[in-house]
Amino acid sequence: MSAKKEPKVPITPPEKWVDLYGDYLYGFAMSRLRNPDAAADCVQDTFLAGIKALERFDGSRDIKFWLRGIMRNKIVDQIRKSIKENKVDIEAEDEALLESFWFKYSGIATTNPDPWQFNPRKYYDNGEFWVVFEKCIAQVKDPAREAFVLRVLEDQSTEEVCKAMDITPNYLWVLLHRAREQLKVSLEANWTGKDAK
Amino acid sequence: MLTCKQVSNALSKEDYEKLPPLRRFFLNLHVKLCVFCGKFNRQVIESQDMCRCYKEHEETLSDHRPKMDSAKKDQLRDLLASQAREN
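Protein chains in written order, with my numbering: chain A, 2 to 198; chain B, 1076 to 1162.
Honestly, the hints are just simulated from the structure, not real lab data.
In this text, all values refer to a predicted model and were calculated from it rather than measured experimentally.
The beta-carbon is built from N, C-alpha and C at its ideal position, and this holds for glycine as well.
Treat each hint with caution, since some may be false.
[As the list claims (entries may be wrong)] Keeping only pairs whose Cα atoms sit at most 35 angstroms apart, straight-line, the calculated DSBU-like set for lysine-lysine is:
no., chain 1, residue 1, chain 2, residue 2
1, B, Lys1147, A, Lys53
2, A, Lys123, B, Lys1130
3, A, Lys65, B, Lys1080
4, B, Lys1148, A, Lys53
5, A, Lys17, B, Lys1142
6, A, Lys82, A, Lys65
7, A, Lys105, A, Lys82
8, B, Lys1088, A, Lys164
9, A, Lys164, A, Lys136
10, B, Lys1080, A, Lys85
11, A, Lys17, B, Lys1080
12, A, Lys88, A, Lys123
13, B, Lys1142, A, Lys136
14, A, Lys142, A, Lys105
15, A, Lys88, B, Lys1107
16, A, Lys85, A, Lys105
[To be verified] Chain A stretches covered by chain B per the calculated footprint, using a threshold of three residues with CB under 8 angstroms from any CB of chain B:
no., stretch
17, 12-20
18, 102-112
[Unchecked claim] DEER-style ranges, computed between Cβ atoms:
no., chain 1, residue 1, chain 2, residue 2, range
19, A, Pro11, B, Asn1084, 46 to 54 angstroms
20, A, Glu129, B, Phe1101, 19 to 27 angstroms
21, B, Ala1146, A, Phe102, 49 to 57 angstroms
22, A, Asp59, B, Asp1124, 32 to 40 angstroms
Based on the provided sequences and hints, a complete structural model is requested.
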């Protein structure tokens, strides 16, 4: 008979989760969802799912990160729900891009994208840069932002994102291009100003 | 040698850093030399690199993120206490 393994980290009782992890998880959800109500729902769903799954928690890592792992699925569910409510329509500009010679021939939007006005790599070790970066992600317009969050930040596969958004892989590529473009413009506006100070 | 379309397809499906080393080598070679897709796909790789770094730094950002409002917290506390009792 095998004895039950002792968890490596102490398990915080669910009654304390709101005080200990509420703000952390809410902030994380806000960075992906941008909507305070959706983020609060996400935290609630995460805690409820956590209570149900607590018996399966092996204590190999901090419960905060275990809850965050659960929250990733809830975030994807919330985005899926929001996409279902607001179906993704292809904008005329994007449709033209999908039909363009360069896109069909080589899968690119342009042969000559605008170069960066600064070298972002220089600031990767600067914590403030990532604060600005996160604010800039929130400024990207939907559905490009949703595509970006699912595909890039939440590491969903192309197939999963296309299924959730009901779009083709080519259109997903265009949306990701739009997100990158907006993120770059926003970073140049928000960071170069700070940098110059 | 890869075609422009193959390079774009590979980058759309997978993060550059997650590609097998040999594929990464040929992809990089193409991006460095190609006058058509080089500039565009170089920016795609740089963007993937930036997002990877952002995810690595995410833990340090929680102090700058918005906090949950106290009314919602009270509501959640009650809900969790009742759920925990039921379990």
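Verification of the hints:
no.	hint	result
1	Lys1147(B) to Lys53(A)	holds, 21 angstroms
2	Lys123(A) to Lys1130(B)	holds, 17 angstroms
3	Lys65(A) to Lys1080(B)	violated, 42 angstroms
4	Lys1148(B) to Lys53(A)	holds, 20 angstroms
5	Lys17(A) to Lys1142(B)	holds, 17 angstroms
6	Lys82(A) to Lys65(A)	holds, 25 angstroms
7	Lys105(A) to Lys82(A)	holds, 32 angstroms
8	Lys1088(B) to Lys164(A)	holds, 14 angstroms
9	Lys164(A) to Lys136(A)	holds, 28 angstroms
10	Lys1080(B) to Lys85(A)	holds, 31 angstroms
11	Lys17(A) to Lys1080(B)	violated, 52 angstroms
12	Lys88(A) to Lys123(A)	violated, 39 angstroms
13	Lys1142(B) to Lys136(A)	holds, 15 angstroms
14	Lys142(A) to Lys105(A)	holds, 25 angstroms
15	Lys88(A) to Lys1107(B)	violated, 39 angstroms
16	Lys85(A) to Lys105(A)	holds, 29 angstroms
17	12-20	holds (count 6)
18	102-112	holds (count 8)
19	Pro11(A) to Asn1084(B): 46 to 54 angstroms	holds, 48 angstroms
20	Glu129(A) to Phe1101(B): 19 to 27 angstroms	violated, 37 angstroms
21	Ala1146(B) to Phe102(A): 49 to 57 angstroms	holds, 56 angstroms
22	Asp59(A) to Asp1124(B): 32 to 40 angstroms	holds, 33 angstroms
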